[in-house]
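**Q** Listed here are the chains, written in short residue letters.
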Amino acid sequence: MIGLISYLSFFLTMAGIMAIITLGLNLQWGYTGLFNGGIVAFFGAGAYGTMILGSGAEPDQFGGFDLPWLVAVAGGILFAAALAWVVGVLTLRLKHDYLAISTFGVAVALESLVRNSQWLTGGARGLRGFPRPFEELVGDTFTYGLVFLAIVLVVLALVWWGIERLVHSPFGRALRAIREDETAARALGKNPARLRLWSLVIGSAIMGAGGALYVSYTAFISPQDLLPVLTFQVWAMLIVGGAGNNRGAVLGAVLIWGVWTLSGFALTRLAPDSMQLDAGSIQYILIGTLIVGMLLWRPEGLLPERISQKPTKMADKAVLEVKQ
Amino acid sequence: MIQAILDGVLTGAIISLGAIGLSLIMHMLRFANFSYAELLAIGAYAALVFDGLFSALVPVLDQAFAPLTLTGALALAMVIAMVVTGLSAVIIDRLVFRRIRLKADPLSMVFASFGVALIIRNVIVLIFGHHAQLYSQEIARAHVLSFDPLILIKPDQVFVLGLALVLMLALHVILTRTTFGFAIRAVAENPTLAQVAGVRLSAIIVAVWIIAGSLSAAAGTLYALTNQLNPLIGHVFLLPVFAATIVGGIGSVYGAVLGGFIVGIASGLALMLLPPGYAPAMPFLIILAVLILRPQGLFGEEPR
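Protein chains in written order, with numbering that gives the first Met the number 0: chain A, 0 to 323; chain B, 0 to 303.
None of these hints come from the bench; they were simulated from the model.
Keep in mind that the hints are not guaranteed to be accurate.
Claimed, not checked - Not the full set, but computed from the structure, chain A residues with beta-carbon under 7 Å of chain B:
hint: 1; residue: Leu89
hint: 2; residue: Ala99
hint: 3; residue: Ser111
hint: 4; residue: Asn115
hint: 5; residue: Ala183
hint: 6; residue: Ala278
hint: 7; residue: Ser280
hint: 8; residue: Tyr283
hint: 9; residue: Ile284
hint: 10; residue: Val291
hint: 11; residue: Leu295
hint: 12; residue: Pro298
Positions of the beta carbon are idealized from the N, C-alpha and C atoms, including for glycine.
Construct the entire structure; sequences and hints are all you get.
**A** Printed below as a string of structure tokens:
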């Protein structure tokens, strides 16, 4: 029983972290129409940033600043945001192709950087030795698993609430306006490049927060955690769940993470030994097929975006003024 | 230094071949196609299959053209691979991209292209396995051009460069001297106006996919001939090919050619300073440099 609960809490912790990242993508793609081809880069920036700032000193290793957990996490998030800012400033004035290619490129570049710069990131063997938050207060690993799940759920709730507030504010309406019709939004005095930049930076910071939580949980990070497949998983989550709908994003994250975990489990258990090497490929094909299939047959996702037809207070006022 | 430039020119020629088709496709269908580099993989593996087939059926063909390691069978297989890959590109467009194009925005196509790339790459892994393969077990001897500094070159490399240039020249002639070429350029400039003038858009799209597919197949096969073949070839070439189109300016065929050589040579030179592990990051640094210095690329249109 305890085994089952602890596995379930592990599963939900990972699904929760994925849901946070998917919410970040939802802000970028769902509400603003920005294509992020390098989710894993912003996740990785948050993860490595937190690890380097928060871990203890080791010989021949840069970092080891041993900063308090929250400060390290904030640093990781800032690092992810800064990376997004650089990419955004350079590409957001251009056609959307440039953002797609550059974000994809930043992920490739970051992976090759962490793989090769031994002094900074530990190279292929990765970084370990991270003090997990509140661990000494809790004691046994079973309870700690549940405590960490609670932390993840609190962060998820905060991110959800923040994005809901954001997209229902004038800023959020402006984002959707530039997504739907950039010229019209421009005519209304909105600055599309600046709005897009904010959306990209905030969304990437949220992905960085996902990375920060991930290393806080595993207390270990290596280039193997920065494989491009993470980017594809998160897309599948948002596309299956429904872009432009936070409920859909979270539902998709839990669903796809479940499918991914179950398929991996089924393949290692059921597939013959000769096929074990190909198990990963079969999972990748599954994710690819999910993405393409959804786009072909149900592009709006399971829970489509709902645009409220209810006039806002300002619109009400305007109508009243016209009547008077 | 000279060796690095020489190697860079060679890689550059292969990147150029790949980038030409990508640039055409991006300009015509208006989306960044991330499954494009998988066409190189399809081509290279198709050549592997037909090479095996021909040399088994007609042993005479299995003679290498000395001093190359290229055999008659492989040369024939490459031509077939170009056709096969061109047709695959058309089929993929029919199955996926055309349907999405008809009902959704270009960015959905970008997502779909990633999905298609994942599927193609991993189907190749399932069929051919993860391990690297070679067309020929023969050892290609390098010729020493000079001892101080040491400069080595393989006959295969000279052949690859020559063939790549011939293919580019052929495309240039088609684009500038034939009605068909005019039609392609017209569609790229202004699809609506081209249709008014009697150009069938759907036919041109098919033609461009065939051109793109066959050039990529040639690029993939030539790369595998001078290096080795593994299922990650598409992943490895994706960023360099995109970098070449951005350097040249998206939509410019000549820009893509020049961009390919620039990316190849710059990567070659950079690796003199950096450890080889950083090689995958080079195209990204080149993209950043272009975006800072000249965002529209060498021959691109002014950004809006």
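**Q** It remains to establish, for every hint, whether it holds in the given structure.
**A** Results of checking the hints against the structure:
1. Leu89: Holds. Min distance 4 Å.
2. Ala99: Hint on Ala99 (chain A): holds, closest Cβ of chain B at ~5 Å, below 7 Å.
3. Ser111: holds, 4 Å
4. Asn115: For Asn115 (chain A), the interface hint holds, since the closest Cβ of chain B sits about 4 Å away, which is under 7 Å.
5. Ala183: Violated - the Cβ of Ala183 (chain A) stays beyond 7 Å from chain B, reaching only about 16 Å at its closest.
6. Ala278: Violated, about 11 Å.
7. Ser280: It holds, given that the least Cβ distance between Ser280 (chain A) and chain B is near 4 Å, below 7 Å.
8. Tyr283: holds, 4 Å
9. Ile284: holds, 5 Å
10. Val291: holds, 4 Å
11. Leu295: Holds, because the Cβ-Cβ distance from Leu295 (chain A) to chain B comes to roughly 6 Å (cut-off 7 Å).
12. Pro298: Cβ of Pro298 (chain A) sits 6 Å from chain B, so the hint holds.
Checked against the numbered hints above, the structure violates hints 5 and 6; every other hint is satisfied.
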